[in-house]
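A.B. asks: So the chains spell out like this:
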Amino acid sequence: MAEPNVVEYRQIYVWQFPVRLYHWINALCILVLAATGYIIGKPIAIQSASEASFQYWFGTVRFIHFSFAFIFFFNFLFRIYWGFVGNNFAHWKNFIPYTAAQWKEMVHVLALDILMISKKPLKSIGHNSLAGVTYFLLFLVFLFQSITGFGLYAQMSGSWFPKLFVWIVPLMGGDIAVRQWHHLLMWFFIIVGIVHVYLVFYHDYIEARGTTSSMVGGWKFIEKSEKEK
Amino acid sequence: MIDNPQSIYEKMREQGYSRRDFLRFCSYIAAAAGINATGLSTVVKALETKPRPPVIWLHYQECTCCSESFIRASHPVVADIILDKISLDYSELLQAAAGVQAEEVLSETIKKYRGQYLMTVEGSIPTNNGGVYCTIAGRTSLDRVKEIAEGAKAIIAWGSCASWGCVQSANPNPTGATPVHKIITNKPIIRVPGCPPIADVMAGVIVYLLAFDRLPELDHFGRPMSFYSKRVHDSCYRRPYYDAGLFVESFDDGSAKKGHCLYKTGCKGPVTYNSCGIIRWNNGVSYCIQSGHPCIGCTEENFWNNEPFYQHLSSFPGFGIETTADTIGATVGGIAVAGIAAHAIATNIRKRKTIGENASHNAHDDNDTKPADKQEGGE
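Those protein sequences? They're chains Z and W, same order as listed. Take the first sequence: its position 91, counting from 1, is numbered 90 in numbering that gives the first Met the number 0, and each next residue is one higher. Take the second sequence: its position 327, counting from 1, is numbered 326 in numbering that gives the first Met the number 0, and each next residue is one higher.
Accuracy of the hints is not assured; some may be wrong.
As the list claims (entries may be wrong) - Below, simulated DSS-like cross-link-like pairs (lysine-lysine); rule was C-alpha separation at most 30 Å, straight line: (1) W/K350 with Z/K122; (2) W/K263 with Z/K41; (3) Z/K122 with Z/K103.
Bear in mind the hints are in silico, worked out from the structure with no lab data behind them. None of these values were measured; they are calculated from a predicted model.
Model the full structure from these sequences, guided by the hints.
C.D. replies: Pasting the structure below:
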C-alpha cells in the first residue's frame, strides 16, 4: 500500500447551533408543507362507504399544512434575526452582493462550478457569493409564500395574525390568483430542494471539506495551507 | 319624471298596500341588507319620510341577466316595491318611453337631480377604437357613462360586467371592455358582482342606500361586506365532505350521486366570495353547487380567464390549454434533474484531476505534522 494520504486540515466552526437548528426545522417544514400542499391541491381519491362524520383526513392534512406554515414562518423570522447577531458566516452581508469582490466571486463560481472552465479553486468557506445571492432570492420566495399562504388562510381564521396579510389578495386580483401562485411556487421549493441537495453533495465531492456534515456538526475543514478568509 | 317625489311609504299606500305590508317589506329588506334588528326602525323611518331617490339604470355590454335576476327577487313584494318605488327615471330595459322621449327624460333627470340621483350600471363599457362597439342614441357608451356619472351621487355596478368586465373582457378583449371603476374614479362605487348577482343582494344594496344614505361597509374590491365577506365554501352544505376528503371524481360517479364535495371537479367555492350558500336562488330553492355543478367563481375578478372550469387548478395563460401549475412544475423539475445529471457527469470528466487529487492527496511539501490547532486526517 502506498503512503497514506496525509493532509493537514484545520477545523472551522462555520454553522452555529441556531443556524443548524433553523436549517433542519426549515427542511422539515418545507418537506411537510410541500407534501401536504400538493395533497390539498390534488386530493387523493379515496372512496369510502362510511359517512363523512366518521372521517376528517382532508381536514387533518390542512391542519398539518397550516400548523407547519406557522412554524416555517417564525423559524424564517428567527433566521433573519440571526443574520444580524450570528457569526460572520451567518451574517446578512453574505446574502446581499454589495461589494465588487462578491460580484467577482459570483463570476468565479459560475466559471468554476457551473461552466467548469476555471481551475482556480475557491477560497470562501461559508456560502460563496453565488450561493448567498441564491439564498437571498430564496428568502424572498419564503416571504412571498408566507404572505400568499397567510393571505389565503385569513378567511379561515379568527386570529389577527393572518389578517396582517390579506392585502395581498386585492393586490393580486383575488383568491384565485393568490392560490395559483402559491401552488406554482410549491414547485419552486421542490426544485430548489433537489438542486440544493445535489450541490451539497457536489461540493463535498469536489472540495472534500465536509460540506454535508457541516450542517450537522457545524464544522468545516480547510487545508491548513489555505488562509481563513 | 316625478316632480314631487313621494316617499316609498306614501307611494305604497297610494297603491293600496297596507301599513302591515310596508312593515313586512321593511323587515325583510333590512334582514336582506344585513341590518340588525335594532336598525329596523331606521329603515322604517327612512322609507316613510325620505323622497324616493331618482335612479338612472344603464345597460351596456351585457346580457341583461342582472335585471332579469332582479325582477325575480325571491320575495315578490321586494322586486315589486323596489321597481315601483324607486323612481326609476331611466332604464333602457324597463322604460315605456323610447327614442327622443327617453333621451329627454334622461337629460332632464341629470339636470334636475344633479348630485342626487343614483346611477346604476349593468354591463361593461368598450373603450377600444373610441368605444364604437356600444352606442346608444348615437353616442358611445363611454361618452354617456362619463356624462351621467358627472352628476351622480353614487354608482352601483351591477354584475360582473360592470364590476370586472366579465366574459366580453376575456383575453384578448377585442372591444376593450372595461368595468365602471376604471373609467369613473371620482365617485363612490359599490360593486355588486355575480353573473348575475343574487336578486336579494341587489335589493339589499339599494335599500341600504335608501335607508342610511351612505355606502355600506365594503371589502377590498368595493363589494358590500354583508353579502361578500364569506367564501361560498364556508357556507356550503357540502363542506363536511370536503373536510372528510370525500370528493366527486367525475360527474357520473357514485360520489356525485351521494352529493360529495365538488372540489376536484373544479369548484371555485374556496376562492369565491358570495352568499349563494345562504340566500340561494329562486326563492331559496337551490344554487349551483346544490344542483350538482361546481362553482365557477362568477363574483371574482377574471373568473372567465381561469379556465378550465372543471378542474381545480387553472391553466396558466401562455402555456397552452390545460397546462396547470403542476404541469409546469413537473416539467421544470424534470429539466432540473436532467441538468443535474448532466452536471454530475461533466463534473466527473472535467474535474477528474481535482477529485483524484483529493483521493490521493499527499501532504504537499510539509510533513512537519505539528498541529497547532485541531487536526483532522483527510480521507
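A.B. asks: Please go over all the hints and tell whether each is borne out by the structure.
C.D. replies: Status of the hints after comparison with the structure:
1. The suggested pairing of W/K350 with Z/K122 holds, with an alpha-carbon distance near 17 Å, which does not exceed 30 Å.
2. About 7 Å separates the Cα atoms of W/K263 and Z/K41, which keeps this hinted pair within 30 Å; it holds.
3. Pair hint Z/K122 plus Z/K103 holds up; C-alpha atoms about 13 Å apart against a cutoff of 30 Å.
The earlier numbered hints are all upheld by this structure, with none contradicted.
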